[in-house]
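Visitor: Assembling the complex is the task here: the two chains are given apart, and the hints tell you how they should meet.
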Amino acid sequence: DQQVKQNSPSLSVQEGRISILNCDYTNSMFDYFLWYKKYPAEGPTFLISISSIKDKNEDGRFTVFLNKSAKHLSLHIVPSQPGDSAVYFCAASAGSNQFYFGTGTSLTVIP
Amino acid sequence: EAGVAQSPRYKIIEKRQSVAFWCNPISGHATLYWYQQILGQGPKLLIQFQNNGVVDDSQLPKDRFSAERLKGVDSTLKIQPAKLEDSAVYLCASSSRAGGHEQFFGPGTRLTVL
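As they're listed, the protein sequences go chains F and Y. With this note's numbering, the residue at position 110 of the first sequence is 110, and numbering never jumps. With this note's numbering, the residue at position 26 of the second sequence is 26, and numbering never jumps.
Be careful, since some hints might not be right.
To be verified - Distance ranges between label pairs, derived from CB positions: (1) Y/Val55 <-> F/Ser74: 40 to 50 Å; (2) F/Asn27 <-> Y/Leu39: 18 to 28 Å; (3) Y/Val55 <-> F/His76: 28 to 38 Å; (4) Y/Ile12 <-> F/Ser69: 29 to 39 Å; (5) F/Asn97 <-> Y/Ile12: 30 to 40 Å.
What the hints contain is simulated information worked out from the structure, not anything from laboratory work. Built from N, CA and C at the ideal position, the CB exists for glycine as well.
If we strip away everything but chain Y, and leave its shape as in the complex, we get (with noise of 0.2 Å):
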């Protein structure tokens, strides 16, 4: 069974400049989330999705980050424009159901804001 891929795996980009990180979960997982984890601090949820609907986005930065999940499949999480202290490594996990506390994740795109 395939893991949950991301990419690019390391961005660099400089202040005020836009990325966009992707992730594809593990097939047939409804849930999908997508976690910020700055250095030396365990990783904090982001966004939660349930299919294509956000379950929970109450620690999303909505005036600079956002994320989509079309399709229930696949998901993108934007940050416009970034800042120095969004350097951090983006994590995204899938879980196969509603409520599915095993999240599998995947190996993380750090990002570096100079």
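Extracted from the complex, chain F is given alone in its bound form (with noise of 0.2 Å):
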């Protein structure tokens, strides 16, 4: 049971845009949402996070949405730089464990 979805496997962006990535969960139970990126061949890194009580984070080009009525949360990075260029994992936690990830996105940033 798949309970945190990224439905889009893949996105292009142009660097200098915005990339917006999505993520929709089925578990209303989780309290707390993070967003991982990742390298080839290295683990993934924390990026940005965000608790239920809000409904926006924002951390320098970063900024997390979630709209817990439809259990949806979004990823947003303006202006996009090749640099982001990765895999980005949505994750999900209900309490202090029990720990969900997502498929991932992969996102590729054109010069």
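Guide: Set out below in structure tokens:
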């Protein structure tokens, strides 16, 4: 049972434009959401997170939006840079355990 | 600050053989996680330790997988015997506290079972 879903396996964006990565979840008990970035042959690295009590969190070029009623979150990257090209994973947790990851979206930023 | 260390980085074995992976978390991190990432999928949590106690191992196939974290520091994950479907990258991660959502991942061990 895939509790966290990323329905777009890949995304291509021109450098300088906005990248929007989407994630849907099914478990209403999730109370914390995270985005991780992964380069080939490396482990995922933490990017940004949001608690279920908020609907937006911003960190530099990265903003995460949470829509609890739709069980949907998105990651916005503005402006996109070639170094942002990587696989992005959405993750969710309920309490201090039960971490679930999506299948990832491969972002390519075209110079 | 040193990151999460894992070894080996790559391992090729034949089915029915045994294999072990080692992880050393970031110093002082009480929580340690093992994940399995099959090609084309996201990481799946296998087991979570808090110090040397197991917090969650609900997705660990206990008939063939085992893990331990002696002394609450480094950890080993073992598969015995391995099956073809165990081919995956095994990721270790750590976090600084219970409920610490931000996890720091190691580079992973890529296991190929022939």
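Visitor: Give me the numbers of the hints this structure contradicts, sorted from smallest to largest.
Guide: 1, 4
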